[in-house]
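Chemist: For reference, the chains in residue letters:
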Amino acid sequence: MAGLIILGFFLIVALAAPLLADSRGLSPVGATGGVLDPPSLDYPMGTDDLGRSVLTLTIWGSRISLMVGFFATALSMVIGAVIGIAAGYYGGWRETAMMRFTDWFLVIPFLPLAIVLASILGRSLFNIILVIGITSWPGTARLVRAQTLSVKERPYVERARALGAGDWHLITRHILPNVFPLIFANTILVVAIAILSETTLSFLGLGDPLRISWGTILEFAFNGGAASRGAWWWLLPPGVAIVLVVLAFTMCGYALDEILNPRLRRR
Amino acid sequence: MSRWRSLVAAGAAAATIAGLTFGGAAAQTPSPSGSAAGKLTFTIGDDNDLDSMNPFVAVEAPAFQIFFLTYDFLVNLSQEDLSPSPGLAESWDQSDDGLTWTFQIRDDATWHDGQPVTAHDVEYTYNRILEEEQGSFIDYISLIDTIEVPDDQTVVITTKEPTLQLLTALVFILPEHIWKDISTEEAGTFENNPPVGSGPFKVVEWEKGQFYRMESVPEYWGGAPRIDEFVYRIFNNEDALVQALRAGEVDFADSLNANPFNSLKETTGITTHEANIPSFDEIGFNVGANDTIPDADGHPALLDVRVRQAMAHAVDKQVILDRVLQGYGTIGTTIVPPFSAAYHYEPAEEDLFQFDLEEANRILDEAGYEDTDGDDVREMPDGGEPLRFRYFVRSENNSTVQTSQFVQDWFNQIGIATEVEALDDTTLTDAIFEGKYDMFHWGWFPDPDPDFILSIFTCGQRPPDGIWSDSFYCDEEYDRMYQEQKTVADVAERAQVIFEMQKKVYEDAPYIVLYYDANLQAYRSDRWTGFLNQPEPDGDLLSGYGNYTFVNLRPVTKGAAADEEEGGSAFTWVWVGLVAGPLLLVAVALLIRRRKGEEDRA
Chain A
3 MAGLIILGFF
13 LIVALAAPLL
23 ADSRGLSPVG
33 ATGGVLDPPS
43 LDYPMGTDDL
53 GRSVLTLTIW
63 GSRISLMVGF
73 FATALSMVIG
83 AVIGIAAGYY
93 GGWRETAMMR
103 FTDWFLVIPF
113 LPLAIVLASI
123 LGRSLFNIIL
133 VIGITSWPGT
143 ARLVRAQTLS
153 VKERPYVERA
163 RALGAGDWHL
173 ITRHILPNVF
183 PLIFANTILV
193 VAIAILSETT
203 LSFLGLGDPL
213 RISWGTILEF
223 AFNGGAASRG
233 AWWWLLPPGV
243 AIVLVVLAFT
253 MCGYALDEIL
263 NPRLRRR
Chain C
1308 MSRWRSLVAA
1318 GAAAATIAGL
1328 TFGGAAAQTP
1338 SPSGSAAGKL
1348 TFTIGDDNDL
1358 DSMNPFVAVE
1368 APAFQIFFLT
1378 YDFLVNLSQE
1388 DLSPSPGLAE
1398 SWDQSDDGLT
1408 WTFQIRDDAT
1418 WHDGQPVTAH
1428 DVEYTYNRIL
1438 EEEQGSFIDY
1448 ISLIDTIEVP
1458 DDQTVVITTK
1468 EPTLQLLTAL
1478 VFILPEHIWK
1488 DISTEEAGTF
1498 ENNPPVGSGP
1508 FKVVEWEKGQ
1518 FYRMESVPEY
1528 WGGAPRIDEF
1538 VYRIFNNEDA
1548 LVQALRAGEV
1558 DFADSLNANP
1568 FNSLKETTGI
1578 TTHEANIPSF
1588 DEIGFNVGAN
1598 DTIPDADGHP
1608 ALLDVRVRQA
1618 MAHAVDKQVI
1628 LDRVLQGYGT
1638 IGTTIVPPFS
1648 AAYHYEPAEE
1658 DLFQFDLEEA
1668 NRILDEAGYE
1678 DTDGDDVREM
1688 PDGGEPLRFR
1698 YFVRSENNST
1708 VQTSQFVQDW
1718 FNQIGIATEV
1728 EALDDTTLTD
1738 AIFEGKYDMF
1748 HWGWFPDPDP
1758 DFILSIFTCG
1768 QRPPDGIWSD
1778 SFYCDEEYDR
1788 MYQEQKTVAD
1798 VAERAQVIFE
1808 MQKKVYEDAP
1818 YIVLYYDANL
1828 QAYRSDRWTG
1838 FLNQPEPDGD
1848 LLSGYGNYTF
1858 VNLRPVTKGA
1868 AADEEEGGSA
1878 FTWVWVGLVA
1888 GPLLLVAVAL
1898 LIRRRKGEED
1908 RA
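Note that the protein sequences, when read in sequence, are chains A and C.
For the first sequence, my numbering assigns the number 3 to the initial residue and increments by one for each residue that follows.
For the second sequence, my numbering assigns the number 1308 to the initial residue and increments by one for each residue that follows.
The shape of chain A in the complex, shown without the other chains:
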């Protein structure tokens, strides 16, 4: 519940960003504050080294961070579900091939792979989504495959097959609806990871430097001398926002998992 409230809050902030803060405040050209001003009435969270309000940056940053989180997760879910269902449903050598492929992605450490991909593809928002999407699907694939294997053996699937239902019909009408709750619960958990990944990659300078996300704010603070100048107000707002959002997603994810995951339900 607490998770939902926090999540709702950040969603509203992200959607209402244009109402909450003028987007001109994102460009240093339109910035009006001084260099690293501490929090004041005009700038409730202080300013960065280019005179921009950290509050404005954090509000607008929520858009990019959440957006990358959602799109990357969607991508990861689609890849994971397709491979998981296909492997579980068809079985045989196709399953072996697909699952070894999945294992291969699973054993490669996420961060180095993501860094290599991001530096090859270049620094853009789309690429960041792509990188996170194609590095975070193997867990989902394994989960979906396991569930597919169990659904596939159920009597009604067998009956449908006896009545002459094709693969496509079976997958879309019988398997997918039954693994969907699991995918959904998993999605919520992956969003949290995706947002963290976006922050990590942006902080390492692999994100799009001109799209303000929480990660890029942290990167600017890190490279702009926030620590040596003692400008805590530059680091804290994006940092706390990330922690809260990730926490909220995780809480929601666990709650849903408990409701939807058949294994947990039985307990």
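In case anyone wonders, no lab produced these hints; they're calculated from the structure.
It is possible that part of the hints are untrue.
Now the stretches of chain A that chain C is said to cover, found in silico as 3 or more residues with beta-carbon under 8 angstroms [what the hints assert, rightly or not]:
hint	segment
1	23-31
2	224-234
3	237-245
Glycine included, C-beta positions come from ideal geometry on N, C-alpha and C.
Since the structure of chain A is provided, determine the placement of chain C on it from the hints.
Modeler: Chain C alone, transformed into the frame defined by chain A:
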């Protein structure tokens, strides 16, 4: 007996734990191996890595720092005012017709491997550069006609025209006995690690991306350096560098950004210095790489001088100076920095590209660049290709990233879209060399004599044959003036030609010179003294064009430093004793025990 043994064991365990924590603390600071206690080490921290130790290839400043300490020039630049002063040549003489120069080579200079430096090395170096047209140095000595060596200590050079250039030629003299084995083809890939030179320091270790370490050469002809070694450490983050300086892990922080620099101003024991250096940052454009590189892919709109001029109108240099540099520098205009006071040309007020977005829009409208598809980005008059430029900045330099945020905003307002990408220096150099870029932000550190910075806009410097041109600018009239200024001996007369050249480059705008920045330096003044600004009074503390500071540098007071050194080593010995002593005892005890066991078995 048994009690004694358990006591030792406990002692050993305690010592091991202590040793572990101690060792752990030491391991956190990656320090170059071999910097043993007792050596007087001066450590510099910086955020820039060197690219190569081969003088024919290197372009990065840290590489030149190595060359300045490893090699000598024929004629040095004096520390006080950069005037010609004795280098490998003790003295020199120009004939009355101005065409023949005679240099007397000093007889006390030796290469690091013990061989003597002779006039033949000078002849060899100059001849090789001339024959192979080595782009890094050719323009310094291109007027040389013949070089003769009557004896080991004399070089006689005749020039095609009278010139004073030989006295300001920053050509590192290389040892013939090393380089004669390197063929012309190999010269581009030769690692030259470690470089053998005749300077006061030699490289003993280089870990790419981490550090390099140089040892002093006591036999140096200019006197033995007072420090034993010099370490250059590379920091990826300036906060880390600032903390390292505060903690005393480094003694000197070079080329800082404004924020970290400001944070050091009030620190006791640390002195900050805004060094006056001949430096500028520019936004450069690809104005014609296709002329020399067929598969270059620069944006065609950038070939149009009107587009570049419009963009020059759309950059508010004052804002960048105030906000990005926080005022540490002056507004940039032309390519010869005010540092070279006699040669710097400042355009008249009415000739300046003033910040004026309306004027920029008007120029683009007039030139036929209009937004035909309503996406707020202008299109080319005929082909319809949008004015969308790749804009490369340096991931190693935060100022360039920050500047791009301003520039992108202004360019958007004149209907020019930019795709900013932060590249590391090596990748950016490659992109420029292949002509695969539209615009970039980088900087230059020109010589005090303007010849070098003027040379980078000559046609001959364009890659792949040349090395220094990063705009692919080429203009016949400019090249003619460039040759002319080499041969004018009178400063005022030469300045007139050089003014014209700067004016031309300013108007053609292959570069938008953003600012002339100061070099922000900070050092542990509680530990080190003997820095020699080059030039006096406010030049670079590390002597930008020589080894003066490094030879002269010493601890604050010899006595105090020695005490500290002793204290340091004594402290180390206590730890070594604490760890090693009990371990030794345990080892002995085990040995005895095993002996005993063997005896029992027997």
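Chemist: Against which earlier hints does the structure fall short, listed by number upward?
Modeler: Violated hint: only 3; rest satisfied.
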